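As given, the protein sequences belong to chains A and B, one line each in that order. With my numbering applied, the first sequence corresponds to residues 1 to 255, in that order. With my numbering applied, the second sequence corresponds to residues 256 to 732, in that order.
No lab work stands behind these hints: they were computed from the structure. These figures come from a predicted structure and were not determined experimentally. You can trust all of the hints, since none of them are fake.
With a Cα cut of at most 20 Å, we get these calculated EDC-like pairs of lysine to aspartate or glutamate: (1) K676/B - E91/A; (2) K153/A - D680/B; (3) K232/A - D188/A; (4) K705/B - E141/A; (5) K16/A - E679/B; (6) K606/B - D660/B.
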Amino acid sequence: MPLLQITDLHASADEKEILKGISLTVNAGEVHAIMGPNGSGKSTLAQVLAGHPAYDVTSGTATLEGEDLLDMEAEERAWAGVFLAFQYPVEIPGVTNAYFLRMAFNEIRKARGLDELDPMDFLDILEEKLRVVQWGPEIMERAVNFGFSGGEKKRNEILQMAVLEPKLAILDETDSGLDIDALRIVSDGVNALRRPDRAIILVTHYQRLLDFIVPDFVHVLAGGKIVKSGGKELALELEAKGYEWLTGVAEGAAV
Amino acid sequence: MSTEMETLVNREYKHGWVTDIEQDTLAPGLTEETVRFISAKKEEPQWLLDWRLKAYRRWLEMDEPTWPNVHYPKIDYQALAYYSSPKTMKPLGSLDEVDPKLLETYEKLGIPLSEQKLLAGVAVDAIFDSVSVGTTFKAALAKEGVIFCSFGEAVKEHPELVQKYLGSVVPASDNYFAALNSAVFSDGSFVYIPKGVRCPMELSTYFRINAANTGQFERTLIIAEEGAYVSYLEGCTAPKRDENQLHAAVVELIAMDDATIKYSTVQNWYAGDENGVGGIYNFVTKRGRAGNRAKISWTQVETGSAITWKYPSVILQGDDSIGEFYSVAVANGMQQADTGTKMIHIGRNTKSTIVSKGISAGRGQNSYRGQVKILPKAHGARNYTQCDSMLIGNACGAHTFPYIDVQNSSSDVEHEASTSKIGEDQMFYCRARGLNTEHAISLIVNGFCKEVFRELPMEFALEAQKLLGISLEGSVG
Numbered sequence: 001m002p003l004l005q006i007t008d009l010h011a012s013a014d015e016k017e018i019l020k021g022i023s024l025t026v027n028a029g030e031v032h033a034i035m036g037p038n039g040s041g042k043s044t045l046a047q048v049l050a051g052h053p054a055y056d057v058t059s060g061t062a063t064l065e066g067e068d069l070l071d072m073e074a075e076e077r078a079w080a081g082v083f084l085a086f087q088y089p090v091e092i093p094g095v096t097n098a099y100f101l102r103m104a105f106n107e108i109r110k111a112r113g114l115d116e117l118d119p120m121d122f123l124d125i126l127e128e129k130l131r132v133v134q135w136g137p138e139i140m141e142r143a144v145n146f147g148f149s150g151g152e153k154k155r156n157e158i159l160q161m162a163v164l165e166p167k168l169a170i171l172d173e174t175d176s177g178l179d180i181d182a183l184r185i186v187s188d189g190v191n192a193l194r195r196p197d198r199a200i201i202l203v204t205h206y207q208r209l210l211d212f213i214v215p216d217f218v219h220v221l222a223g224g225k226i227v228k229s230g231g232k233e234l235a236l237e238l239e240a241k242g243y244e245w246l247t248g249v250a251e252g253a254a255v
Numbered sequence: 256m257s258t259e260m261e262t263l264v265n266r267e268y269k270h271g272w273v274t275d276i277e278q279d280t281l282a283p284g285l286t287e288e289t290v291r292f293i294s295a296k297k298e299e300p301q302w303l304l305d306w307r308l309k310a311y312r313r314w315l316e317m318d319e320p321t322w323p324n325v326h327y328p329k330i331d332y333q334a335l336a337y338y339s340s341p342k343t344m345k346p347l348g349s350l351d352e353v354d355p356k357l358l359e360t361y362e363k364l365g366i367p368l369s370e371q372k373l374l375a376g377v378a379v380d381a382i383f384d385s386v387s388v389g390t391t392f393k394a395a396l397a398k399e400g401v402i403f404c405s406f407g408e409a410v411k412e413h414p415e416l417v418q419k420y421l422g423s424v425v426p427a428s429d430n431y432f433a434a435l436n437s438a439v440f441s442d443g444s445f446v447y448i449p450k451g452v453r454c455p456m457e458l459s460t461y462f463r464i465n466a467a468n469t470g471q472f473e474r475t476l477i478i479a480e481e482g483a484y485v486s487y488l489e490g491c492t493a494p495k496r497d498e499n500q501l502h503a504a505v506v507e508l509i510a511m512d513d514a515t516i517k518y519s520t521v522q523n524w525y526a527g528d529e530n531g532v533g534g535i536y537n538f539v540t541k542r543g544r545a546g547n548r549a550k551i552s553w554t555q556v557e558t559g560s561a562i563t564w565k566y567p568s569v570i571l572q573g574d575d576s577i578g579e580f581y582s583v584a585v586a587n588g589m590q591q592a593d594t595g596t597k598m599i600h601i602g603r604n605t606k607s608t609i610v611s612k613g614i615s616a617g618r619g620q621n622s623y624r625g626q627v628k629i630l631p632k633a634h635g636a637r638n639y640t641q642c643d644s645m646l647i648g649n650a651c652g653a654h655t656f657p658y659i660d661v662q663n664s665s666s667d668v669e670h671e672a673s674t675s676k677i678g679e680d681q682m683f684y685c686r687a688r689g690l691n692t693e694h695a696i697s698l699i700v701n702g703f704c705k706e707v708f709r710e711l712p713m714e715f716a717l718e719a720q721k722l723l724g725i726s727l728e729g730s731v732g
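Given the sequences, and given the hints that come with them, work out the whole structure.
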């Protein structure tokens, strides 16, 4: 059974259809890149999979290990093992990173019938995970994303991913706004988290990220549909020819 | 805003029950006779009766203020009762003689009055409608020279202190509700900390309104002599009733040179139902006067009441004195809150800090109203004001009314304000990490209030966090 199976998914926001029939199969252990021009529906797909209430799924299905994903609330998807690394991570003033992360960690454990960890035991886990993003413990006492630089926010998302150990991680434009050093740290982190029982979906506009995190499959999204799928070489072809090459195909196909 | 969040801000008020006890309640109405009755009932000296009568006559000439940003039907002062006490109440009885029903009441509220069961290090004065039910740890405090008793008892036992300080910070003619309180106040708490003494435990008063159609008018007077320190807490609850009830209190703090008074309030009066029926009108005057190098710090968490009208203030009279105001005010359902502070800088190098966190939800209206006044001789005075509002949902409102009046050029006044909204994005972020909606709201709101909560004594900070949780999300009932 595939980890994630999306079939003919249609979704809209404010009555406007954005996803117009997406089908995608993702198996455990795979890394899929979803590329496309601005406004193609990439981020919408990421948000719909994570359960953002602003979008209505009008038809189609999505299952996680055979379970109906679309029937779950956002938090239930997190409990089931879905993780979305946000394009714009949200600030929560007054709540420390450590507290937030422990609460999330324990809520997910609780939902899975496991014991909650106390702050001391959690600290042990955290120390190990901080290494994934090459951070010291001081970051944990700062308020969640509050006053963080763009790069720090993205690193924090990868730290959360490391701690919460999802089955399916969806990284929404994790490379945007990163300088080359930050990009390297974030990519190293993601690569360290690649595992045979975990799938990763990278949503990105640029090929650059894929030099660091090499995908197994590349899909091009345009006009709310996947217009082309291929191996990692497709990304290089896109880099050379630009999106117009394919958006032209998309328009032609729609007629 | 999603309907989910709207359901979640529905509240459940857990202190809404009534104690079934026979009460002596004075027939409704307010005349000079009412004032004389209360004074006689409390066996007061002539000077206090005269003081009350003067306040009453002054009140008759005053008009109810219309400037607060709150709206309510005109109060019929003749329809209210001004005195109510449990029938079994003996004056100045010891705790052993207190009616078990009253002890049960406080037990149920989580305030056991037997000293063995009390939180270590907190002495309690329990006020039930118009009278003090009992005060704990009096003997232990007396060893340090600390006086902690009901106001009525203080009038009898320490008349010279009461006469000297009563009305010295909030004159009877200060405002409409202060004048009303001065005329008909029934009981309250009295604290006196002698020179150089650090009060060995937290002092606390728990106010409970029980009787129907009765106003509660309590009076609190705290005097900290030179170099003394005291931390004082008050908590308040009332039954659910369909009628509005009036609570008009006056609190006066006197901090002599080098003294510190820390005054914390967790106010959870009944707020009325979702249609705005019932609830307490909380019209309160609180003010402190600080001597040289003295410090007065107000911390309030206001979650209850249908209407709140309250401005705990500090007169910074002495040089180098410090005034602080930390506030969390919630307006949910149909609640209206108009609250803030006044910092009056008179002495040199006086310093004040104001941190106000207003939370509006449901159809609540929350106003911050604050005055910072720096007089010509207050050289080097400094004020920092931070005023943050948080909105939950689309039907509520947040308003800010800052008044800044600086009369010299060597002072420094800073004002920062922000308004934020718990938006779908913030909620979705938390939920995508596995927090359900209730946990997410509670986390975001508690984070927002953190700067105020950390000013509260530990036990009360936890209590306040829980209370805020109940006010805003509740176990949806």
